[in-house]
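One line per chain: the protein sequences are A and B, in this order.
Mapping of the first sequence onto the working numbering: position 80 corresponds to residue 80, and the numbering continues sequentially without gaps.
The working numbering runs 194 ahead of the 1-based position in the second sequence.
Hints were generated in silico from the structure; no laboratory data involved.
Please read all numbers here as calculations on a predicted model, not as lab measurements.
Ideal Cβ positions, reconstructed from N, Cα and C, are used throughout, including at glycine.
Be a bit skeptical, because a hint or two may be false.
Unchecked claim - Label-pair distances were calculated between CB atoms; the ranges are:
no.	chain 1	residue 1	chain 2	residue 2	range
1	A	A115	B	R270	44 to 52 Å
2	A	S182	B	E372	28 to 36 Å
3	A	S125	B	S319	29 to 37 Å
4	B	M318	A	K35	30 to 38 Å
5	A	T190	B	M224	44 to 52 Å
6	B	K388	A	R41	55 to 63 Å
7	A	K35	B	E372	49 to 57 Å
8	A	A115	B	M318	24 to 32 Å
9	A	K139	B	S319	36 to 44 Å
10	B	K208	A	G98	21 to 29 Å
As the list claims (entries may be wrong) - Computed, partial: chain A to chain B, Cβ under 8 Å:
no.	residue
11	V108
12	T152
13	S159
Each chain is listed here by its residues.
2 protein chains.
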Amino acid sequence: MSRENTETQKKILKATVKSLTDSGGAGVRMSDIAKAAGVSRQAVYLHFASRTELLVAATRFMDEELNLEKRLEFVRSAETAEERLTRYVHFWGEYIPGIYGIAKALMVARHTDEAANAAWDDRMSALKSGCRSVVRGLKEEDKLKSEWTEDTATEAFWSLLLIPVWENLTLKCGWTSELYQSRMTLMVSTNFVK
Amino acid sequence: MSRENTETQKKILKATVKSLTDSGGAGVRMSDIAKAAGVSRQAVYLHFASRTELLVAATRFMDEELNLEKRLEFVRSAETAEERLTRYVHFWGEYIPGIYGIAKALMVARHTDEAANAAWDDRMSALKSGCRSVVRGLKEEDKLKSEWTEDTATEAFWSLLLIPVWENLTLKCGWTSELYQSRMTLMVSTNFVK
DNA sequence: GTGTCAATTGACACCATGTAAAGATACGGG
DNA sequence: CCCGTATCTTTACATGGTGTCAATTGACAC
Chain A
1 MSRENTETQK KILKATVKSL TDSGGAGVRM SDIAKAAGVS RQAVYLHFAS RTELLVAATR
61 FMDEELNLEK RLEFVRSAET AEERLTRYVH FWGEYIPGIY GIAKALMVAR HTDEAANAAW
121 DDRMSALKSG CRSVVRGLKE EDKLKSEWTE DTATEAFWSL LLIPVWENLT LKCGWTSELY
181 QSRMTLMVST NFVK
Chain B
195 MSRENTETQK KILKATVKSL TDSGGAGVRM SDIAKAAGVS RQAVYLHFAS RTELLVAATR
255 FMDEELNLEK RLEFVRSAET AEERLTRYVH FWGEYIPGIY GIAKALMVAR HTDEAANAAW
315 DDRMSALKSG CRSVVRGLKE EDKLKSEWTE DTATEAFWSL LLIPVWENLT LKCGWTSELY
375 QSRMTLMVST NFVK
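Generate the whole structure from the sequences, applying the supplied hints.
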């Protein structure tokens, strides 16, 4: 609210990201965030109307902080579809750790808050678009396996990139970011590339 | 609590499953369940100490209701590892719709309740064991692709079967249960079977 | 000095979980 | 017939987190 990009607002957003990242996205209350930001709980509500709104703002904040656009441009600039596929998976594997805390919190909020649900859907749609453009590239170069159509391959690819999958492989199974990236690339290539 | 398998207890468990299934696992309160079961809210607490305990009991209840053991036996009785793989994926694809509501509720509860977390981990470990036994079978028949070890293939296979993946493919993308089963089998086979 | 904006403080409504205590109802055995 | 026991109901309340409101403080500009 009020002005855009106040100092306080940034403090709050940073505190939100840090708290959620540290805690793995669970058990963080508005008062915790306020404390971490060094402001009163009400100051948070002065800048963000609700918990959900704060979370959504925090994701946008992180997108800028992590240079989302720049990274995507690098992916798009690949010469071949296969190369784009590899870059997309690598991008995603590097990106998730940065947004994991907030993403998790949003995923939880989805179940009770329609706005959080919409915000999450939005992000996931963007991810899907990326998958589609990779798959379309494969098809145009006649590299898409005949078992798959553009739609089905997009949907399957997209589902492989879901955060719970990443969560399971890295946090539960202990795969490093590099292993996630290389093995996920392997899986996707094996499945969809001729 | 009290006696085992009272009429009331079953009524509550059935109401729990129905409510959660109908609602997709979100926004179901203890009072809703009580109302659906035709008992008072306190009667629920008389039989189950907490919401989490109720959810856990409901999953066990469903396992019996859906003949979990019988289905698993059919999977295990397959002659070849490849056949076991197919049967395992099919089993899972048929099983999820029945437990989806409760599973979802448990997945949400995980974030705030340690007992729910443990209960969920337990189920997921069982799923992983199943994946491992399939992969081990492949390896023993020398059918496991050389890029994968028993561990890594198990972990990757396991992750593909995660509920959020199923959720995305069926509920979001509109794949039917049959399509989920056949395409997931295709993916897993393509990835891990020589 | 006065007006204004940002933030603090403290109180409160709301809602869901879980607890506690006092009755109602039924049922089986002396 | 009445007693004891077990089950369920009713009502009230503690707790904890979100979100709202209003009065107040402090700083800075004009």
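Fill in: Status of the given 55 to 63 Å range, CB of R41 of chain A versus CB of K388 of chain B
Cβ of K388 of chain B to Cβ of R41 of chain A: about 59 Å, so the range 55 to 63 Å holds.
Fill in: Per-residue hint verdict: V108 of chain A, partner chain B, C-beta under 8 Å
5 Å, holds
Worksheet entry | Range agreement (Cβ of R270 of chain B with Cβ of A115 of chain A, hint 44 to 52 Å) | 46 Å, holds
Worksheet item: Is it true that K35 of chain A and E372 of chain B lie within 49 to 57 Å of each other by Cβ?
Response: 52 Å, holds
Fill in: Range agreement (Cβ of K35 of chain A with Cβ of M318 of chain B, hint 30 to 38 Å)
34 Å Cβ-Cβ, so the 30 to 38 Å window holds.
Worksheet item: Does the Cβ pair K208 of chain B, G98 of chain A satisfy 21 to 29 Å?
Response: With Cβ atoms ~44 Å apart, the hint is violated.
Discussion item. The hint says 28 to 36 Å between S182 of chain A and E372 of chain B; measuring C-beta to C-beta, is that right?
Written reply: Holds, since S182 of chain A and E372 of chain B (Cβ atoms, about 33 Å apart) stay within the stated range.
Worksheet item: Has the hinted range 24 to 32 Å been met by the Cβ atoms of A115 of chain A and M318 of chain B?
Response: About 30 Å separates the Cβ atoms of A115 of chain A and M318 of chain B, which means 24 to 32 Å holds.
Discussion item. Given a hint of 36 to 44 Å, does the C-beta separation of K139 of chain A and S319 of chain B actually sit inside it?
Written reply: 39 Å, holds
Discussion item. Can you tell me whether the CB distance of T190 of chain A to M224 of chain B sits inside 44 to 52 Å?
Written reply: About 47 Å separates the Cβ atoms of T190 of chain A and M224 of chain B, which means 44 to 52 Å holds.
Discussion item. Does the closest beta carbon of chain B sit nearer than 8 Å to the beta carbon of S159 of chain A?
Written reply: 5 Å, holds
Discussion item. Quick check on the hint: T152 of chain A CB to chain B CB, less than 8 Å?
Written reply: Hint on T152 of chain A: holds, closest Cβ of chain B at ~7 Å, below 8 Å.
Of the numbered hints given earlier, the model fails hint 10 alone.
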